[in-house]
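K.L.:
Numbering-wise (the numbering used here), the sequence shown opens with residue 184 and increments by one.
Since the hints were derived computationally from the structure, they do not count as laboratory data.
Careful, some of the hints might be misleading.
Calculated lysine to aspartate or glutamate pairs in the EDC-like style (CA-CA distance at most 20 Å, straight line) [to be verified]: (1) K469 with E456; (2) K432 with E422; (3) K348 with D360; (4) K522 with E230; (5) K531 with D508; (6) K206 with D226; (7) K348 with D398; (8) K469 with E482; (9) K348 with D595; (10) K348 with D226; (11) K485 with D464; (12) K592 with D240; (13) K506 with D595; (14) K206 with D323; (15) K485 with E216; (16) K348 with D323; (17) K592 with E488; (18) K506 with D323; (19) K414 with D323; (20) K427 with D446; (21) K612 with D595; (22) K469 with E440; (23) K212 with E422; (24) K444 with D468; (25) K445 with D464; (26) K506 with E488; (27) K592 with E636.
Simulated DEER-style distance windows between Cβ atoms [to be verified]: (28) Q225 with E430: 43 to 51 Å; (29) Q225 with E422: 37 to 45 Å; (30) K209 with V540: 54 to 62 Å; (31) G563 with F641: 17 to 25 Å.
Positions of the beta carbon are idealized from the N, C-alpha and C atoms, including for glycine.
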Amino acid sequence: RMTLLLGPPGCGKTTLLLALAGKLNKSLKVTGEIDYNGVKLQDFVPEKTAAYIGQYDLHVPEMTVRETLDFSARFQGVGSRAEIMKEVIRREKEAGITPDPNIDTYMKAISVEGLERSMQTDYIMKIMGLDICADVLVGDAMRRGISGGEKKRLTTGEMIVGPSKALFMDEISTGLDSSTTFQIVSCLQQLAHISESTILVSLLQPAPETYELFDDIILMAEGQIVYHGPKGYIMSFFESCGFKCPERKGSADFLQEVLSKKDQKQYWSRNEEGYNFVTVDQFCDKFKASQSGQNLAAELSKPYEESKGHKNALSFSIYSLSKWDLLKACFARELLLMKRNAFIYISKSIQLGLLAVITGTVFLRTRMGVDRIHANYYMGSLFYALLLLMVNGFPELAMAINRLPVFYKQRDDYFYPAWAYAIPSFILKIPVSLVESIAWTTISYYLIGYTPEASRFFCQLLVLFLIHTVTLSMFRCVASYCQTMVAGSVGGTMAFLAT
């Protein structure tokens with residue numbers, strides 16, 4: 184079912200969604216309990232069972248829409264689809280049923296774990312209307328990409344492409360026009376009814392046509408739930424309290440204004456009676472005393488019948504893939520991003536080669552001097568080489584900081600652990616360090632007039648290679664601690680001077 188969460192800013196909508204998704208800060212003091220199928224939150228992994236979709240669109244701008252969804256589907260896994268498919272095949276054989284080839288192919292395709300390309304991605308893209316921009320880069324402020332509405336749909340699709348059947352969506356209409364919001368909610372309605380999912384969506388001021396797409400309403404104010412029940416009964420509840428929505432007034436606007444001290448009086452319908460402001464606490468008491476409130480309380484007081492549940496309805500493992508598969512998937516993504524940013528690495532290598540030629544001519548020696556004066560020249564050229572290779576690693580700081588928001592989001596959703604993200608970044612940068620070290624050493628070594636012995640040549644090459652590798656790792660470390668470009672620039676400079 185589709186449930187709309189309504190309420191003024193600051194009433195606790197985001198906190199409620201985070202609590203239901205098991206994403207509240209562990210340091211918060213929480214009273215009460217949240218159960219899924221009779222199982223407490225701490226007894227399973229709610230982050231893998233339900234999906235929380237935040238207000239912000241955090242994506243890797245260098246990836247296309249299809250690649251973003253494929254990556255998400257690969258890491259979220261297939262959940263219980265494989266077991267369901269086995270059971271379906273067994274029952275079909277027992278009953279002698281021949282399944283529809285198209286449906287059978289689709290069901291089997293979405294039950295295979297760890298695929299680089301998922302058929303589920305194509306299905307979700309069609310539902311969300313993203314198939315027209317499937318191969319377009321997501322983009323950002325500096326790259327041309329998909330529109331704001333398409334990014335919102337991608338943010339939603341990134342989570343619903345997984346096996347989660349409970350979706351908690353926070354202010355998904357931020358920055359969108361009413362038409363785009365209606366299209367997104369309409370897609371979610373189809374998804375909820377087709378896949379029998381539970382979807383709770385928080386919206387601030389939905390248009391009337393968007394409001395009508397929902398099945399149930401949760402109305403919040405001052406941290407309390409004023410109403411929770413079917414959409415069709417909420418107006419009669421407020422009429423029983425003495426308030427009526429005018430004919431030309433949107434239902435969602437009425438529901439939020441009727442709780443406001445400033446706007447409540449205009450909706451008072453019992454003119455023969457004197458008006459007195461009805462507080463949120465009084466509304467809550469009246470709801471608890473109403474038939475809808477009593478039905479809700481009775482439903483919540485019933486113990487959960489374990490026979491209605493299934494072990495595969497909840498997720499008890501933190502990650503959907505094995506450690507090796509996690510590493511392979513992160514390697515594949517990091518390699519893709521390096522290819523998309525190939526211009527940066529190529530230009531850095533060319534720049535380093537040109538500087539090596541210039542440095543070689545500055546310290547040019549036709550013969551090797553072994554006195555104290557020439558020793559200072561050699562020390563100066565070595566210092567300049569080390570300095571330049573370290574400065575050459577500064578772009579790594581900016582790239583690492585730009586990717587941190589996406590990393591934190593996906594880490595918190597248990598897509599992958601931090602080590603699976605860090606190891607590919609380190610290993611795949613080794614060829615970059617090797618190429619740049621070779622470019623510098625081969626051009627400048629003999630121009631400067633170092634000793635011609637091959638062992639000394641390779642010794643210098645090894646030292647420069649290790650320094651460049653450590654420098655890139657150092658800037659990534661600084662980025663992870665500083666987390667913003669301003670702090671990162673200061674931290675990177677201090678780390679650079681300290682070394």
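K.L.:
If a hint holds in the structure, say so; if it doesn't, say that too.
P.N.:
Now the hints, each set against the structure:
A distance of roughly 18 Å separates the Cα atoms of K469 and E456; the hinted pair therefore holds under the 20 Å criterion. Between K432 and E422 the alpha-carbon distance is near 15 Å, which keeps this suggested pair within the 20 Å criterion. For the proposed pair K348 and D360, the alpha carbon gap of about 27 Å is over 20 Å, so the pair is violated. Of the pairs offered as hints, the one joining K522 and E230 is violated, with about 32 Å between alpha carbons and a cut-off of 20 Å exceeded.
With a CA separation close to 32 Å, the supplied pair K531 and D508 exceeds the 20 Å bound. Distance check on the hinted pair: K206 and D226 sit about 14 Å apart at the alpha-carbon level, within 20 Å; holds. The straight-line distance between the Cα atoms of K348 and D398 is roughly 17 Å, inside the 20 Å bound, and the hint therefore holds. Taking the CA atoms of K469 and E482, the gap is about 18 Å. The hint holds against a cut of 20 Å.
Between the alpha carbons of K348 and D595 the distance comes to roughly 18 Å, so the proposed pair stays at or under 20 Å and holds. For the hint pairing K348 with D226, the CA-to-CA distance comes to about 18 Å; that is within 20 Å, so the pair holds. At roughly 25 Å between alpha-carbon atoms, K485 and D464 are farther apart than 20 Å, so this suggested pair is violated. For the given pair, K592 sits about 10 Å from D240 by alpha-carbon distance, which is consistent with the 20 Å threshold.
Annotation: proposed proximity of K506 to D595 holds, straight-line Cα distance about 17 Å (limit 20 Å). Between K206 and D323, the direct Cα distance comes to roughly 27 Å. Violation of the 20 Å bound is thereby established for this hinted pair. A hinted pair counts as satisfied when its Cα atoms are at most 20 Å apart, and K485 with E216 qualifies at roughly 15 Å. Simply put, K348 and D323 have alpha-carbon atoms about 30 Å apart, too far for the 20 Å limit, and the pair is violated.
Note on K592 and E488: the hinted pairing is violated, with a Cα-Cα distance of about 35 Å set against a maximum of 20 Å. Distance check on the hinted pair: K506 and D323 sit about 31 Å apart at the alpha-carbon level, beyond 20 Å; violated. A distance of roughly 38 Å separates the Cα atoms of K414 and D323; the hinted pair therefore is violated under the 20 Å criterion. Only pairs whose Cα atoms come within 20 Å are accepted, and K427 paired with D446 is accepted, the gap being roughly 13 Å.
Proximity of K612 to D595 is assessed by CA-CA distance (about 25 Å); at most 20 Å being required, the pair is judged violated. The hinted pair formed by K469 and E440 meets the criterion: a straight-line CA distance of about 18 Å does not exceed 20 Å. For a cut-off of 20 Å, the pair hint linking K212 to E422 is broken: about 37 Å separates their Cα positions. Under the criterion of a C-alpha separation no larger than 20 Å, the hint pairing K444 with D468 is consistent with the structure, at around 18 Å.
The suggested pairing of K445 with D464 holds, with an alpha-carbon distance near 17 Å, which does not exceed 20 Å. Among the hinted pairs, K506 with E488 is inconsistent with the structure: their alpha-carbon atoms are about 36 Å apart, more than 20 Å. A distance of roughly 52 Å separates the Cα atoms of K592 and E636; the hinted pair therefore is violated under the 20 Å criterion. Separated by about 49 Å at the C-beta atoms, Q225 and E430 satisfy the suggested range of 43 to 51 Å.
Our hint of 37 to 45 Å for Q225 and E422 holds, since their Cβ atoms are close to 42 Å apart. The given range of 54 to 62 Å is respected by K209 and V540, whose C-beta atoms sit roughly 56 Å from each other. A hinted range of 17 to 25 Å holds for the C-beta pair G563 and F641, which are about 22 Å apart.
The structure fails to meet hints 3, 4, 5, 11, 14, 16, 17, 18, 19, 21, 23, 26 and 27 from the earlier list, while all remaining hints are met.
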